[in-house]
Amino acid sequence: MNEAPTSRGDEIGTALYVYGVVPPSTSADLFAGVEGIDSHGLVQLVAAGELAAITSSVPLDEFDEAPLERNVRDPAWLEEKVRAHDRVLEAALSGGTVLPFRFGTIYRGEEHVRKVLSARSDLAKTLARLNGTVEFGVKAFLDRAAMRVRLLAEQGLQDDSPSTGRAYMQRRQVDRQVEEEVRNLAADWAHESHLCLAAAALDGRMNQLPQPELSGDDREAVLNGAYLVRTEETEVFRRALAELEDSYADDLAFQLTGPWPPYNFAEYQEQ
Amino acid sequence: MSSTPRPLQQQVTLVELVDRVLNKGVVLTGDITLSVADVDLVYVGLRVLIASMATLEAPEAEQA
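For the record, the sequence lines run as chains A and B.
Counted the way the working numbering counts, the first sequence spans residues 24 to 294.
Counted the way the working numbering counts, the second sequence spans residues 1335 to 1398.
Please note that the accuracy of each hint is not assured.
Stated by the list, open to error - Here are the simulated SDA-like pairs of lysine to any residue, each with C-alpha atoms no more than 25 Å apart in a straight line:
no., chain 1, residue 1, chain 2, residue 2
1, A, LYS138, B, LEU1348
2, A, LYS148, B, THR1347
3, A, LYS138, B, VAL1361
4, A, LYS148, B, VAL1346
5, A, LYS138, B, THR1363
6, A, LYS138, B, VAL1346
7, A, LYS138, B, ILE1366
8, A, LYS138, B, THR1347
9, A, LYS148, B, VAL1361
10, A, LYS138, A, PHE164
11, A, LYS148, B, LEU1348
12, A, LYS148, B, VAL1360
As the list claims (entries may be wrong) - To be clear about the criterion: a stretch of chain B counts as covered by chain A if any three or more of its residues have a C-beta under 8 Å from a C-beta of chain A, and this derived list gives those stretches:
no., region
13, 1345-1357
14, 1360-1367
Bear in mind the hints are in silico, worked out from the structure with no lab data behind them.
Using N, Cα and C, we set each Cβ at its ideal position, and we do this for glycine too.
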């Protein structure tokens, strides 16, 4: 199908995929040797005013609306393209700052990209805010079973099944109390953790908790946070997390990911 | 001490990655727009990725 890379554009038609924007002073060298979302399309900057879009050409037979909708349902295709999208943004981030666009932002040509950049000068302000920052993700997981055992023990009970009817009814009541206590405590802990992390960051977001069946994780998440951190203050943030890990050692397991391009802070606008 | 099975770091990163790339970032109306009809793209994304990870562990069963 794609035996002749050089003539590919002429035969099939291409569009421009946009990964995000960087300051126009950004060196194109950052993207040298970085493979874009399509292996034939070099990653290039398209500048207009105070912004430069990170782009690469993509074949319409894969990225026009109909094929795109089909392709995103193909796990292998989607994983490859999602990784490529992030890889290009990571390369941009290594230059200092990047404002990520959502996956699948595609224009017919450079002129269209320039027109959009010119119309969205607000993006330059957001980009300036994000200068020298990265994002970290923190999830906190609760060991509900262990917590239940502990709360029961505090009432002098064991996590077993009572044999008599009377004890069974009592236990049902205790169970309800324990469940409620677990829920309240977990919410408090998550909120407190978020405040601690946000205090060590420029900004923080508490995102929706992942649906357990889609999280790829058996544990119960109680916090799904994203934090915007100055690159030079990364250690401050890590220390804040280490302190949380210490204080919640028996109750929560924290998971740190990043540094990421500031995906969660791309919509940040001063009101 | 109980040891809960830890998910592979790669799997964790992939899930985090999909959530960010498909769900976050500046939303602009492009010339070509991706509209996965009535289904949240992230949901599709995560489901297919979880499915793909599951099949990685199993012997090759099906080719879509």
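Evaluated hints:
| no. | hint | verdict |
| --- | --- | --- |
| 1 | A:LYS138 / B:LEU1348 | 34 Å, violated |
| 2 | A:LYS148 / B:THR1347 | 30 Å, violated |
| 3 | A:LYS138 / B:VAL1361 | 16 Å, holds |
| 4 | A:LYS148 / B:VAL1346 | 32 Å, violated |
| 5 | A:LYS138 / B:THR1363 | 12 Å, holds |
| 6 | A:LYS138 / B:VAL1346 | 38 Å, violated |
| 7 | A:LYS138 / B:ILE1366 | 15 Å, holds |
| 8 | A:LYS138 / B:THR1347 | 35 Å, violated |
| 9 | A:LYS148 / B:VAL1361 | 16 Å, holds |
| 10 | A:LYS138 / A:PHE164 | 45 Å, violated |
| 11 | A:LYS148 / B:LEU1348 | 30 Å, violated |
| 12 | A:LYS148 / B:VAL1360 | 13 Å, holds |
| 13 | 1345-1357 | holds (count 13) |
| 14 | 1360-1367 | holds (count 7) |
Hints 1, 2, 4, 6, 8, 10, 11 from the list above are not met by this structure, while the remaining hints are.
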